[in-house]
Each structure stands twice: as C-alpha cells, then as structure tokens.
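Student: Construct all of the structure, not just a fragment, from the sequences and the given hints.
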Amino acid sequence: MTPAAEHVTWRSPSRWLVRRWGVRARSAVAAVIVVAVVLAVAAGAFVFLHRRALISVADASAVTRAEAVAGILASGDSDGLGRSLRSRAGEQTLVQVVGTDGAVRAASAEVAGQPALSPLRPAVGTIMREDRTLAVANGATFRIVAVCVNTPGGAETVLVAQSLYPIHEAVESEVTLLAAGYPILLLLVGAATAVFVGRSLRPVEAVRRQVALITDRHLHARVPVPGPRDEIRHLAETMNAMLDRLEVASRAQRRFVADASHELRSPLSTITLGLELLDTPPPGGVDPGTVALLRGEAARLESLVADLLLLARADERGLSPRWADVDLDDLMDSERTRLRALPGLTVNARIDPVRVRGDRDQIARAIRNITDNAARHARHAVGLRLWRVGADARIEVTDDGPGIAVADRDRVFGRFVRLEDSRQRVSGGTGLGLAIVAEIVAGHGGTVSVGEAEGGGTAVVMSLPVVGEPVAGAAYGLDDRRS
1 MTPAAEHVTW
11 RSPSRWLVRR
21 WGVRARSAVA
31 AVIVVAVVLA
41 VAAGAFVFLH
51 RRALISVADA
61 SAVTRAEAVA
71 GILASGDSDG
81 LGRSLRSRAG
91 EQTLVQVVGT
101 DGAVRAASAE
111 VAGQPALSPL
121 RPAVGTIMRE
131 DRTLAVANGA
141 TFRIVAVCVN
151 TPGGAETVLV
161 AQSLYPIHEA
171 VESEVTLLAA
181 GYPILLLLVG
191 AATAVFVGRS
201 LRPVEAVRRQ
211 VALITDRHLH
221 ARVPVPGPRD
231 EIRHLAETMN
241 AMLDRLEVAS
251 RAQRRFVADA
261 SHELRSPLST
271 ITLGLELLDT
281 PPPGGVDPGT
291 VALLRGEAAR
301 LESLVADLLL
311 LARADERGLS
321 PRWADVDLDD
331 LMDSERTRLR
341 ALPGLTVNAR
351 IDPVRVRGDR
361 DQIARAIRNI
371 TDNAARHARH
381 AVGLRLWRVG
391 ADARIEVTDD
401 GPGIAVADRD
411 RVFGRFVRLE
421 DSRQRVSGGT
431 GLGLAIVAEI
441 VAGHGGTVSV
451 GEAEGGGTAV
461 VMSLPVVGEP
471 VAGAAYGLDD
481 RRS
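Numbered per UniProt numbering, the sequence shown spans residues 1 to 483.
Hints listed in this document are in silico derivations from the structure and should not be mistaken for laboratory results.
Across the chosen pairs, the derived CB separations fall in these ranges:
hint, residue 1, residue 2, range
1, Arg233, Ser334, 50 to 60 Å
2, Asp327, Leu268, 32 to 42 Å
3, Gly344, Ala299, 22 to 32 Å
4, Ser61, Val23, 54 to 64 Å
5, Met128, Ala53, 16 to 26 Å
6, Thr238, Pro183, 33 to 43 Å
7, Gln92, His50, 11 to 21 Å
This one's a predicted model, so the numbers in the text were calculated from it and none came from an experiment. Think of the CB as a built atom: it goes at the ideal place given N, C-alpha and C, for glycine as much as any other residue.
Tutor: The following block contains the structure:
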C-alpha cells in the first residue's frame, strides 16, 4: 500500500450529499424529520390510549350488564331474567348463567345451546374478566366479565361477553386515516419550511449579490440593510462595517504607495541629475558640492528604503524584538549628548535609572525618531525626561515649537503624514518616523501619545513595561545649554 493510499479517508455519500444541500433544503429536511418523529410518537400514543379508553368503556358496560343480571337472579324474578338475557338492537353482547357444575342454566338467544363461554368462576362478590376468541362468533374477540351471585337455587355465575370488534374496527380506521394524512402533513411541513426559510434568506441573497459586485475599485458600495432587527440585519451591518474598514485600508494602502513613490522620486531625480553633471564634468574638475549632494541624497534614499522595509516587515509578521534587559537611562543620556552638539538648541534633561525588557536597537531607534522630530520643530529648547510610574517606564520628549492640534495628535502616527504641507521635504523628513515609533512601542507592549508641553509646544510620551524593582537613589538632572 502506498503512503498516499494510507491517508485516503472514506466519506459517507449521504453526508457528502447533505453538505451540498442549501440552507433551505437542510432546514426543510430537519423540520420534516422532527415533525415526523413527534407525529409518530403522538399518533402511537393517541391510538394506544384511545384503544384503552374504548376497552374500558366496553368493560364497564359488561360489568354493569352482569351485575344487573346477577341482581335479577338473586331476586328470583324469572320473567325479569328472560328480559335481561335478550340483546338490544345493535348490541353485540352475549349473556350466560352457569351453575356450579358448569352447566348453562340460561343464555341469550345467540348462544342458546352452546357450552359455557369461559371457564371463569369467581367467588361470590368478586368480578373476573378476560379477553377470549369465541368460535360461536366466527373467531371474534370478546371481553368476558364473570360475576358470582347467590340465588335461591345456589351459587351461579353470570358470564357477559362484550364484543371488541367495534373497538378494533375504530382503531383500524384511525390508523388508516393517520397513515394517509401522515405523508401529506410532512409534505406540507417541508414545503412551508422551505418557503418561509427562502423568504427569510432573501436579504442574505441580496447581501451576497451585492458583495459579489463589489471590487477593489468599488469599495464605497454597501450591502442593503433589512428593516427587522434580527440576525440578518446584524449580518448586513457587520458586512458594512467590514467594508468600511476595507475601504479605509485600501485608501491608506493607495496613499502609502503614492507617498512612497513620491518620496523615492525626489532623491532619485537628484541623483540622476548629479550623475548627468558628473558625466560631463566642467573644466575645473568635479564639483565637491555635487558629490556631497549625491551622497546626501543616496543616504536619504537608503534611510527611506530601510524605513519602508521595517514597516513592511512589521505588517507581515511583526518586528520580532530580540529580548534583553535595556537601561533606558543610557539611551536617554546618549540622546542628550547628541542633541547638545546641535547649534542653537537648549537641552533640559532629567533622567532616572530605569531598566526595561526589550530590543535595545529598536528602543534606541524609537527614542531617536522622537528626539529628531522634537529637534526639527523646536525653536530653542528640547526637554528629555525619564522616570518610573508604577510598572511602567515613562519617557517624555518636549519641544517649544508650534505644537500639534488636538485633532491631529493621533494622525501623526500614520505613514507619510506631514502636518505642514508647505514644509520642504529636506527639512521635514520622510513622514515615517513616528509611524515606526508606534510599531516599535506596540511590539514591546507599550503606549505612545502626543500632548501639549508646558508653556506650549509638543510633548511625546512613551511608556514601556519595566523590569524588577525601582533603582534606589536620587534622580540626576541635566540642564545643558548651547548657543
């Protein structure tokens, strides 16, 4: 047997067929099966109980007749006995009076001269009964009731046989009617269920048709929402909410591609122009400024491509940090040293010793992006602060620039977002810095937000989970000013 044959699984044809049925067919079949079982049980119980009730009525009628004959025997009324033995019109009742020796003393005309109908011989004051097939009645079944009574001539037994044929005939008629109506009722149930389910599924089919018409170029279309507040309405509302998210994502993707193309075109155009100049150098030789410009644009292009690759990797499978203990105070001190080297910028720093668990390079990049953004927009001063709040390390970077409007504070973490459209791209960056910060912080289980600094300007606050207990000792403050 080949390995492929070993993994072949057998599927029941009936199960495969049911899976291919639609909701309407499955609902109709399920309703028919349930109703069929319920009706079968109910019909069986009805026939059984009705038969018992009819037999009880026949038994009570036979007992009443036997007790009446016994009363006449006890009184010695021979004329009354003759009248009590005669059958009424339409009545299928046989009566015998049997002595203690088994001889029949009196009987109704139908069984005159016949032996005793039953061997039952109850004691005086008691009643015995049985069902017996009588040859005298062509093999019909009778309910026989026996009553013993004391008469002037001694103890005698009254046998009353009540025919059960009308009962059997009535039960057979009921079974015939039920059997005839059973499939008709099941067909009606199946058809009604199919119709009702089909009508209920019309809104679903409308949703399906509309969704089938929606393409990536028509994400503005929405599915119809039915009036009744039921599960189908909830489905339509959920589909529309999903389409809203898809439309937003599609717009963001197209905007991202357009912005990336625009960003890449600028340095590539500069590099192309510089190469053309180098191809025909002036008499004095290659201009050093042109070489420096090309190197700067190449570095900018390399940085942009690296940022795009990082964000693409984050979208695909996350940033996958290499976890280790990271001293945030060391990273913040490095940024303080770097920023103080910038001309005309005052750096106010207050840094507490705090350690977190994370990827040192990624956290350093996030801090660098925030501080670069602050230095780019600051008029004169940048503030750096690191401290611990409960189980979080809090990093705050402030600047005294123009600030960010409340409506734009969440938007700045988007990709290629620039709040100043007139700003030069050379001074404004690529618009990916804060987007990268948001991805890195999210990958470390932290948060980042934008607010307003004291005295105006922008404050970016980043929180990361800390490791261990707070470090003992006072914080050290750094206030560095350079003109």
